[in-house]
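Asker: With chain A's structure known, arrange chain B on it following the hints.
Respectively, the protein sequence lines represent chains A and B. The first sequence lines up with residues 1 to 315 when you count with the working numbering. The second sequence lines up with residues 1 to 426 when you count with the working numbering.
Honestly, the hints are just simulated from the structure, not real lab data. We treat Cβ as the ideally placed atom computed from N, Cα and C, and that holds for glycine. You can take every hint at face value.
Ranges of calculated distance between the beta carbons of each label pair, as one might list FRET restraints:
| hint | chain 1 | residue 1 | chain 2 | residue 2 | range |
| --- | --- | --- | --- | --- | --- |
| 1 | B | 217 | A | 75 | 26 to 32 Å |
| 2 | B | 406 | A | 43 | 54 to 60 Å |
| 3 | B | 275 | A | 164 | 36 to 42 Å |
| 4 | A | 72 | B | 404 | 35 to 41 Å |
| 5 | A | 76 | B | 217 | 28 to 34 Å |
| 6 | A | 304 | B | 231 | 51 to 57 Å |
| 7 | A | 245 | B | 402 | 34 to 40 Å |
| 8 | A | 123 | B | 275 | 45 to 51 Å |
| 9 | A | 164 | B | 129 | 52 to 58 Å |
| 10 | B | 72 | A | 163 | 35 to 41 Å |
| 11 | B | 56 | A | 100 | 57 to 63 Å |
| 12 | B | 231 | A | 308 | 53 to 59 Å |
| 13 | A | 308 | B | 72 | 40 to 46 Å |
Not the full set, but computed from the structure, chain B residues with beta-carbon under 10 Å of chain A:
| hint | residue |
| --- | --- |
| 14 | 73 |
| 15 | 75 |
| 16 | 392 |
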Amino acid sequence: MATTSTTTPTTLTGTGRQTGRRPSTGGRFRRYLPLYLSISPFYIIFAIFGLFPIGYSLYLSFHSWDGIGPMKFVGLAEFRYLVSDTQFWLSVKNTVEIWIISTIPMLFLALVIAVILNSSIRFKTAYRIAFFIPNVSSLVAMAIVFGSIFANNFGLLNGLLQALGLSQVQWLNDPWGIKIAIAVMVIWQWTGYNAIIYLAGLQAIPTDLFEAAKVDGANVVQTFFRVTVPMLRPIILFTVITSTIGGMQIFTQSQVLVGNTGGPGGAGMTMVLYLYQQAFTKNDFGYGAAIGWGLFIILLLFSIINWRVVQRTGK
Amino acid sequence: MTPLITRRGFLKGGAAGVAGAALLGAAGCGAESASAGSALSVWYWTGSISDTLLGNVQKKVGVKLEPQKIGGDFKSKFMTSLAGRSYVPDITGINSDVATYFPDADQFVDLRKFGADKVKDQYLDWKWQQGVANDGRMIGFPMDTGPTALYYRTDIFKKAGLPTDPAEVEAHLGTWDDYLAAGKKLQAAIAGTCIASATVNDIFDQVMAQSSKQYMDRQNHFIGDQAHVRNAWDISVKVIKSNLTAKTVSLTADWNAVMTNGKVPCFVGAVWMKNFLGPAAPKTKGMWRVCRAPGGAGNSGGSFLGVTKYCKRPEDAYNAIRYLESTKNQAFSYQDINLFPSTPASYKDPIMRKPDPFYGGQVTVDIFGSAAEQVKPFYFSPYDDAITPAYATELGNVESLGKDPDQAWNDCIGQIKRTLQHTGVI
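Bound-form chain A, shown alone (with noise of 0.2 Å):
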């Protein structure tokens, strides 16, 4: 650290530009030693924290294990187990129904609040705020409020539906129901979060193409589809890529909603729920660590087809 005082304060302002001679390597470390030290945190703690767990898991994916005595490699026999595993598959297919039903009523909505915020009205700081509260509340505080809005018996739903003269909704007790009230709580949450960065994009798009749009006589609806849109086409696709890999990892609604085994029929069971019960309450953590790993190739497989939708409407 001694050498660092001499260093000339150009370093230290972070630019690291050379001015004159080249120094020689060790000089060259010693000089930029304060720099890799200032962001080597991020690095340590990524490290062991994050490097660190995702080899082991890795590692941990070829054994049984049951979390405290010896450990047993087992080669491919719990990813073998994984692939014939009909409720592994059926968590699979159900956070994908759940992305569906949250993630396209989800952005529609966000496009729709952006485009509202993007108008001139009053108090639109306001409402921006407003919007984005949800992302940023205790997402377990919300599932149990959630849970009494959807609730079997006395739920606030249900007392709804009833004072419209309409049958009630058994919600947390039918598959489907299930599942919608875990959409909405998605899309409750990331709605504004959405409607932020679309409002971001909109106000990239230049005037000159709404007041053309108006000057041809189109109406709200027809620039909504034919201007903001096809302009929006870059940011749209980031959402979704982004709510891809959000709704693949749906696991805390669930679990204060319908608890460990998800639900009647296992509809509350999402992929990451299924590998929490695995390995925390039925102490299989090899096969814990399998299923993290066939999340992993399924995040991957929907990264792909969405790269390769940017790619072509890129062109």
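Answerer: Just chain B, lined up with the frame of chain A:
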């Protein structure tokens, strides 16, 4: 210039932080217990040990304890410490799933070494057996128990023309078939009334809680497809077919509502349900009573204390446990935090015999105490946590999807056998 110094100071701080992290990592590698100095660390969860008693240990036994209340997922945290072989507590609370530790019983100190067998007679035999691993090693010392009883509402029973006095209800509802018949009577009197506190699994679990045989025997044979389980299954299916389940999730706001407005005027539950029923349905105070459960005595829940092999002074740890779980102190814990004793002599202690206003002044220890004494010894296996969710899932399918019960049973047994084969047990 000032900003320059600040930045350098920051960098130095960063370097020190890195070095600190490295030291911490090194410390984590050594196999050591979490005890600081000479105190023995105790891991427990809220409501599992009386804090007053923990505070008295040093004065009464001469052993310094360092109690650590572990929040969140207790078991995961404990298993993590065992897997990492560091910061393992000297003494730990163990829940009713004590058997999951049997395959790794060597992680615990055998409490027989310190003469635990000498006090065996003071504890309920079935409870004592529950903490003993297959090789005879005693890893769990009895704490509280969870004897079960029938909870019922006198106001609604009266309306339906059912008896209301505990002795009469007991005589009238001796078997599960009687209970089902009473359910139909309740439903005829007040439409929509149910007899399972949440889902049908409550019925299944409670019937199983009365059975001496569970899902595996001590020789690790799967017995979960035999008559005693099928009986619990068949009773559950009958309850579903009669539409007598409330289809709610236990201990949620919906469950509170169901308990308050009388949709569920009776259920079979463990003694600790008292802790939840009071706050859930305060308006029903005085209307509830308890009596012997249909089908007989059962147990659901209850915990243990164990000493890990990392404990440096296991004898001191054992003495502290003996003090905490003595007959007198278990009675005190019942009064203090409603833990039901595993020491039958405590049931006669006057502090346990106070009338309970929530139960209309009933002395509930008479019911729960005799249930606790009548429970038949049973064996929970290390694999029960992997087995039982299958029954819950398939009964759920019968209950809410109308799946054929026989098909569901076959799917359930098939799923369990697959899981056990995968685990390498069968």
